[in-house]
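Undergrad: Below, each chain spelled out in residue letters.
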Amino acid sequence: MSEPLVNIVDLHLSLVGGAGEVNILRGVNLSITKGETVSVLGPSGAGKTTLLMALSGLEKPTSGQVQVAGVDLTTIDEDGLARFRREHVGIVFQSFHLIPTMTALENVSLPLEFSGCRNPEQQAEEALTKAGLGDRINHFPGELSGGEQQRVALARAFVVKPALLLADEPTGNLDRETGQIVMNLLFDLQQEHGTTLVLVTHDEILASRCERSVRMIDGCLREENGAGS
Amino acid sequence: MNSTSTIAQAIRLVRRELRGGLRGFGVFLTCLFLGVFAISAIGSFTESAKAGLLADASALLGGDLEIRLAHRELPTEGISFLTEQGQLSHVATMRTMVVDIDNDKRVLAELKAVDSSYPLYGKITSTPQLNIHNELDSRDELGALVEAPMLSRLDKKIGDKVKVGDAEFKIKGVITTEPDRTVRAFNLGPRFMISLDGLDATGLIQPGSLIYHAYRLRLPNRETVDQLKAEMQARFPEAGWRVRSWREAAPRVTFFLDRMNLNMTLIGLCSLLVGGLGVSGAVRGYLDGKITHIATMKCLGAPGKLIFTAYLLQILFLGLLGSTAGLAAGATLPYVLKQLIGTHLPVPMTPGIHWQVLAVAALFGLLIALIFSLKSLGLARLVSPSVLFRGYSESGNRNPGTAVKVSIIISAMILAALAILTSSDQRLAFWFISGASLCFVIFRFASTTIVKLTHLIPKPTNPSLRLGLGNIHRRGSPAGSALFSLGLGLTALVTVMLVQANLDDKINETVPNEAPSFFFLDLQSNQVESFEETVRNLPGLTKFERYPTLRGRITAIAGKPVTMAKVAEEVRWAVRGDRFLSYAKEKAPDIKVVAGEWWPSDYAGEPLVSITADLAKGFGVGIGDTLTINVLGRDVTARISSLREVDWSTLDLNFALLFSPGVLENAPQTNIASIHVPAEHEETAFAAITKQFPNVSAISTRELLKNVSQTLERIGTAFRSMAGLAVLIGFLVLAGAVSADQHRRIHDAVIFKVCGATRFDILGAFAAEFLFLGLIAGGISAIVGSLAAMGILKGLMKISFTLHPGTIITTILTGVALTVFLGLVGTWRALGHKPASYLRDVN
Chain A
1360 MSEPLVNIVD LHLSLVGGAG EVNILRGVNL SITKGETVSV LGPSGAGKTT LLMALSGLEK
1420 PTSGQVQVAG VDLTTIDEDG LARFRREHVG IVFQSFHLIP TMTALENVSL PLEFSGCRNP
1480 EQQAEEALTK AGLGDRINHF PGELSGGEQQ RVALARAFVV KPALLLADEP TGNLDRETGQ
1540 IVMNLLFDLQ QEHGTTLVLV THDEILASRC ERSVRMIDGC LREENGAGS
Chain B
5 MNSTSTIAQA IRLVRRELRG GLRGFGVFLT CLFLGVFAIS AIGSFTESAK AGLLADASAL
65 LGGDLEIRLA HRELPTEGIS FLTEQGQLSH VATMRTMVVD IDNDKRVLAE LKAVDSSYPL
125 YGKITSTPQL NIHNELDSRD ELGALVEAPM LSRLDKKIGD KVKVGDAEFK IKGVITTEPD
185 RTVRAFNLGP RFMISLDGLD ATGLIQPGSL IYHAYRLRLP NRETVDQLKA EMQARFPEAG
245 WRVRSWREAA PRVTFFLDRM NLNMTLIGLC SLLVGGLGVS GAVRGYLDGK ITHIATMKCL
305 GAPGKLIFTA YLLQILFLGL LGSTAGLAAG ATLPYVLKQL IGTHLPVPMT PGIHWQVLAV
365 AALFGLLIAL IFSLKSLGLA RLVSPSVLFR GYSESGNRNP GTAVKVSIII SAMILAALAI
425 LTSSDQRLAF WFISGASLCF VIFRFASTTI VKLTHLIPKP TNPSLRLGLG NIHRRGSPAG
485 SALFSLGLGL TALVTVMLVQ ANLDDKINET VPNEAPSFFF LDLQSNQVES FEETVRNLPG
545 LTKFERYPTL RGRITAIAGK PVTMAKVAEE VRWAVRGDRF LSYAKEKAPD IKVVAGEWWP
605 SDYAGEPLVS ITADLAKGFG VGIGDTLTIN VLGRDVTARI SSLREVDWST LDLNFALLFS
665 PGVLENAPQT NIASIHVPAE HEETAFAAIT KQFPNVSAIS TRELLKNVSQ TLERIGTAFR
725 SMAGLAVLIG FLVLAGAVSA DQHRRIHDAV IFKVCGATRF DILGAFAAEF LFLGLIAGGI
785 SAIVGSLAAM GILKGLMKIS FTLHPGTIIT TILTGVALTV FLGLVGTWRA LGHKPASYLR
845 DVN
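Chains as they are written, first to last, in the numbering used here: chain A, 1360 to 1588; chain B, 5 to 847.
What the hints contain is simulated information worked out from the structure, not anything from laboratory work.
For glycine and all other residues, C-beta sits at the position ideal for the given N, C-alpha and C.
Be aware that a few hints might be false.
[Said to hold, decoys possible] Here are the simulated distance ranges between beta carbons:
#1 B/F825 - A/S1403: 38 to 46 Å
#2 B/H837 - A/S1403: 44 to 52 Å
#3 B/G25 - A/S1504: 36 to 44 Å
#4 B/A821 - A/S1403: 47 to 55 Å
#5 B/R844 - A/Q1539: 21 to 29 Å
[Claimed, not checked] Some but not every residue of chain A turned toward chain B, in silico, with C-beta under 10 Å:
#6 T1409
#7 I1450
#8 F1499
[To be verified] In the DMTMM-like style, the derived pairs of lysine to aspartate or glutamate whose C-alpha atoms are separated by at most 25 Å in a straight line are:
#9 B/K456 - A/D1577
#10 B/K463 - A/D1436
#11 B/K463 - A/E1446
#12 B/K838 - A/E1446
#13 B/K838 - A/D1431
#14 B/K161 - B/D141
#15 A/K1419 - A/E1446
#16 B/K463 - A/D1577
#17 B/K838 - A/D1436
#18 B/K695 - B/E684
#19 B/K591 - B/D606
#20 B/K838 - A/D1577
#21 B/K838 - A/E1437
#22 B/K570 - B/D141
#23 B/K127 - B/D262
#24 B/K456 - A/E1480
#25 B/K294 - A/E1502
#26 B/K463 - A/E1480
#27 B/K547 - B/D745
#28 B/K838 - B/E707
#29 B/K838 - A/D1369
#30 B/K838 - A/D1438
#31 B/K165 - B/D144
#32 B/K456 - A/D1369
#33 B/K456 - A/D1494
#34 B/K463 - A/E1485
#35 B/K167 - B/E687
#36 B/K838 - A/D1494
Assemble the whole structure, with the sequences as input and the hints as a guide.
TA: Here it is, written out as structure tokens:
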């Protein structure tokens, strides 16, 4: 059996808010092999997004272990996590999170620039063309539809050929038809690059496109099909 | 919806908006406050000082009316006439040397001889407090009151004796206040006060001595002074006296105050213009944040007119708030200054509320608020409801509409007209407004062009530099605002500093190399031969000049009385009071005739006069026209036979008016001389001449220039402070722009982190962005400021201009440091944001 790409062991994550400490993740265990597609289902507030934040190094666990691509995320500092993300992780958000004052091309070039790529624009243009936006590369996000913006976000996430792609409700702000187009693109790119995918979604139909599903309930993870905690 | 209901509805909207407080308007209010404060403070100070001068007018003048003559006393009939009108007092002043009897040390002094009626107004106070007339004219000895520097320069104390001319005086006390001591920028020597009998005893009064006699009158009712003045001029039309009433007590001071007020108000206006950028940035940022609100209101049926009116009223209200605070601070400044440093102020101050000054300052503030808000208000009116569906607002410039553009132009023209019409020198104000407008256009063009040109710079491979450069030309970037605001403020500072530096050069470096070492005044005609022999024996002598000299007043130009002639502002000094005159047979080698011809040395025809070319231009006269000068009560009309070019900056002996031989020889006169000796021989020269000729006053050029330099430094400090205010406002505007951009920076920083940027990458990108901006702002301000300084020095002041690289570099570094500092402060806040919580909140 090959080494898992993602290995989470007894992950706890608490946040301190106005009303006191909130335990978001309570002893999560998860193992994902390379190239696997996993959907994370669960009600709002269950901790799905927080799990993605922990997997990407955007949130520090309170305790437990998070290993991605052989890197223990709990032992490296903020800049180390940034470098880790640029090399191994692509993220797609529900609200797209593009830079509104940068063109589509510039948005997609960003992670390549941070990793010191020599010709980021060329690779970015190829990624956008693959996403069906070859004729919109100089458009600003405000000039694109929601679906187009999400496709730009996908291009940005995949342009570094990440080992792991994290998608947080990528079709949450899109209509069904547009969402379908976006998800088709997502899975096409995933298959092309052999990327491991973790998809957070409410949509059971969308979840069924993944090989495996897990369900988050009150900060605890349960396998829908297959082993889990 | 009619206008009334639109306004009523707009007011309702404004009240709701203001419930959220004044958040986001810190820079707007501060910029308006500072700009309006600057203008109202300067105006209030000037008017309070002028009120103080008016309140003390009679004391300052020494009477309700003053008749002033040079060289001679008032004739008996004049004295009789004046004595009938009121209480008369006679005062005589001149410069002379005071000698230490023990060691022959000599100090130049401003001698004043007073009679028993002096002072008619106010009090002389001294240490110890004395009955001055008893002390100055006691039976046993002649006494003197001196200013403190006299004691220190001669190393004397109260009770010691000194000599003036042929008489010895005992120093009885130190003057602490002298009510009619004219407020002057600088004095040539400390005061030495004696009685008129004491003056007689000195033997200094010789025919032609440079002595001024002032006869002051205290009237039973000082309001009748104008009537009396007219009566005197009718009764003694040819007298050649200079008559001043209490209303003109300190004309030079008033003139100086008006000049300072004008110049500093113009710089204050410059600060307010820079502040307008802060207003513009704040309003733009505020309305950008309201786009969703506006779009929602439009979806619900609000017309664009209502949106425009509501936010316009809000801006005007806030403008009024900021301006009122500025006015309050400016209006109270004279009170505060009087309370804190009243006795140290160079002019008397009667603080008051000067409504005209405040009204003008308030109008400036409101107009600035309006001009710099209209574009954003116009764009707000055009916000489309579709914004709600797209999520991102449309970026890029849009046209606010012709009506808005026309309104901006009209408001700007009203502002310019107000600045010009309320100025005491409308021509200067017009040129200033034109220059400031040109600067605006230059910076607008430069900032737009440079931002676009950054597109053409090859993209660096380093991600931080690449991002930083990209940020400059990115939409919504504060680059334009930074270049504009900081650039304008730094330009004002560079201009003022370069002008100051060049003036300092002129005085400290250029002039002493060429200037005479000493001037000697009051050399009698019968002393000329022995004086010249003494001078020629001085060691190291390189140059010696001597001219006979008298005092006279121009009374007519080309046949027209001077009060009716058109005289250009820059030569008005020539018709204000007495001028030094001279005559010469031969044309001295350094006299440069540029028009007409010098008279032959044996000339014996009609009176001719050679005048300086700039005087001729200012008077509108040329070769063949006439000038009438009153010399000791006699009118002399001479024909202009030549024009000369004179470089006054060398301080060589020269005269604006030089007469041909045969006109003035018989009038009482003295001589003025100058010598050039190396510095190491100056003391020897001074001792040799003043010992042999005790009646001759010696003025050291070095001391004179030091005095002038100190005065210019004080004035320069005031101007630098105002220019510094412009920089401060520019800094605030930039801070506002960075602050308004904060939300975008936080968002960008989070996304950069998601995409794998380290903190160093992000910090580097923002630092690079602001470093570029600072260098560009500093560079442009260095160029524009240098050009402006050159224009002022060469065009207005007619003196040479030298570039000061040190000043330029300091300015560029200041610009860079300020910009980078602000940028990093803004970045620090952005970096501190945790990406996860931000993303979670947004999601």
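Undergrad: Now tell me if each hint is right for this structure.
TA: Results for each hint:
no., hint, verdict
1, B/F825 - A/S1403: 38 to 46 Å, "holds (44 Å)"
2, B/H837 - A/S1403: 44 to 52 Å, "violated (24 Å)"
3, B/G25 - A/S1504: 36 to 44 Å, "holds (37 Å)"
4, B/A821 - A/S1403: 47 to 55 Å, "holds (49 Å)"
5, B/R844 - A/Q1539: 21 to 29 Å, "holds (27 Å)"
6, T1409, "holds (8 Å)"
7, I1450, "holds (6 Å)"
8, F1499, "holds (6 Å)"
9, B/K456 - A/D1577, "violated (53 Å)"
10, B/K463 - A/D1436, "violated (30 Å)"
11, B/K463 - A/E1446, "holds (23 Å)"
12, B/K838 - A/E1446, "holds (21 Å)"
13, B/K838 - A/D1431, "holds (20 Å)"
14, B/K161 - B/D141, "holds (19 Å)"
15, A/K1419 - A/E1446, "holds (19 Å)"
16, B/K463 - A/D1577, "violated (49 Å)"
17, B/K838 - A/D1436, "holds (13 Å)"
18, B/K695 - B/E684, "holds (19 Å)"
19, B/K591 - B/D606, "holds (12 Å)"
20, B/K838 - A/D1577, "holds (24 Å)"
21, B/K838 - A/E1437, "holds (10 Å)"
22, B/K570 - B/D141, "violated (49 Å)"
23, B/K127 - B/D262, "violated (28 Å)"
24, B/K456 - A/E1480, "holds (20 Å)"
25, B/K294 - A/E1502, "holds (20 Å)"
26, B/K463 - A/E1480, "holds (11 Å)"
27, B/K547 - B/D745, "violated (67 Å)"
28, B/K838 - B/E707, "violated (66 Å)"
29, B/K838 - A/D1369, "holds (24 Å)"
30, B/K838 - A/D1438, "holds (13 Å)"
31, B/K165 - B/D144, "holds (13 Å)"
32, B/K456 - A/D1369, "violated (54 Å)"
33, B/K456 - A/D1494, "holds (24 Å)"
34, B/K463 - A/E1485, "holds (19 Å)"
35, B/K167 - B/E687, "holds (20 Å)"
36, B/K838 - A/D1494, "violated (35 Å)"
Hint compliance for this structure: hints 2, 9, 10, 16, 22, 23, 27, 28, 32, 36 are not met, and every other hint is.
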